[in-house]
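Undergrad: Protein chains in written order, with our numbering: chain A, 1 to 118; chain B, 1001 to 1109.
If you are wondering where the hints come from, they were derived from the structure by calculation, not from laboratory data. Take the hints with a grain of salt, since some may be wrong.
Among chain A residues calculated to face chain B with C-beta under 7 Å, some are [what the hints assert, rightly or not]: (1) Gly42; (2) Leu43; (3) Arg50; (4) Phe109.
When the alpha-carbon atoms are kept at most 20 Å apart in a straight line, the in silico EDC-like pairs for lysine to aspartate or glutamate are as follows [claimed, not checked]: (5) B:Lys1108 with B:Asp1062; (6) B:Lys1096 with A:Glu68; (7) B:Lys1057 with A:Glu106; (8) B:Lys1096 with A:Glu83; (9) B:Lys1096 with A:Asp57; (10) B:Lys1073 with B:Glu1054; (11) B:Lys1009 with A:Glu44; (12) B:Lys1096 with A:Glu18; (13) B:Lys1065 with B:Glu1020; (14) B:Lys1096 with A:Glu44; (15) B:Lys1015 with B:Glu1079; (16) B:Lys1022 with A:Glu44.
Estimated spans, in silico, between C-beta atoms of each pair [to be verified]: (17) A:Lys78 with B:Arg1003: 22 to 32 Å; (18) A:Leu118 with B:Asp1062: 11 to 21 Å; (19) B:Ile1051 with A:Thr73: 22 to 32 Å.
If you're wondering where the values come from, they're calculated on a predicted model, not measured in any experiment. Heads up, the beta-carbon is just placed ideally off N, CA and C, and yes, glycines get one too.
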Amino acid sequence: DARVTQTPRHKVTEMGQEVTMRCQPILGHNTVFWYRQTMMQGLELLAYFRNRAPLDDSGMPKDRFSAEMPDATLATLKIQPSEPRDSAVYFCASGSSLLAGGTPGELFFGEGSRLTVL
Amino acid sequence: AQRVTQPEKLLSVFKGAPVELKCNYSYSGSPELFWYVQYSRQRLQLLLRHISRESIKGFTADLNKGETSFHLKKPFAQEEDSAMYYCALSDAGGFKTIFGAGTRLFVKA
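Required output: the full structure, derived from the provided sequences and hints.
TA: Below, the structure written as structure tokens:
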């Protein structure tokens, strides 16, 4: 059963510390998304990749957030330095674009990484 | 600008009552619309997509381009329908998918 895997599941850190979240997309999927879930904003799109290339990261605070895909099996989201307002659940999702034979908008989500910044 | 609006954060209905979760969108073009659901302690998952015109677990959603709406409906709510529901919009290529703020549905016995 292919699934998106995210680590860590939970992270508690102090303000100013660096946080790195990792995601292993489903093998064969060529699009990867990072979302942030909060009570007030719901699911906010932070960044997404197609074929490992970043297509849009306009949803991320550029001064502290960065997203990369070092290879097809790993996506990372880094926050440096972290702030209390970054506390949220961060979701990774993967899918296949239409050209890759997938269904547009059909995303498969990980279980999320719950981040608490004190 | 692309936007998905779910005006209700919380919706509470009794078992057996009809339920409608509202979704409005803003998009310049022909979007793909979806509903996703997150049950307690489960992953967010696709419930249905407008292009399939399907009924899943008794839920249906009709795309109204004139009103730019994609409301989710079920004639008789069940307790197991209690969950968080997200409306989502994807561009035609399926590259960018954005979500609304979500509506939490409580179905009371």
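Undergrad: Of the hints given before, which are not true for this structure?
TA: Violated: hints 5, 8, 12, 18.
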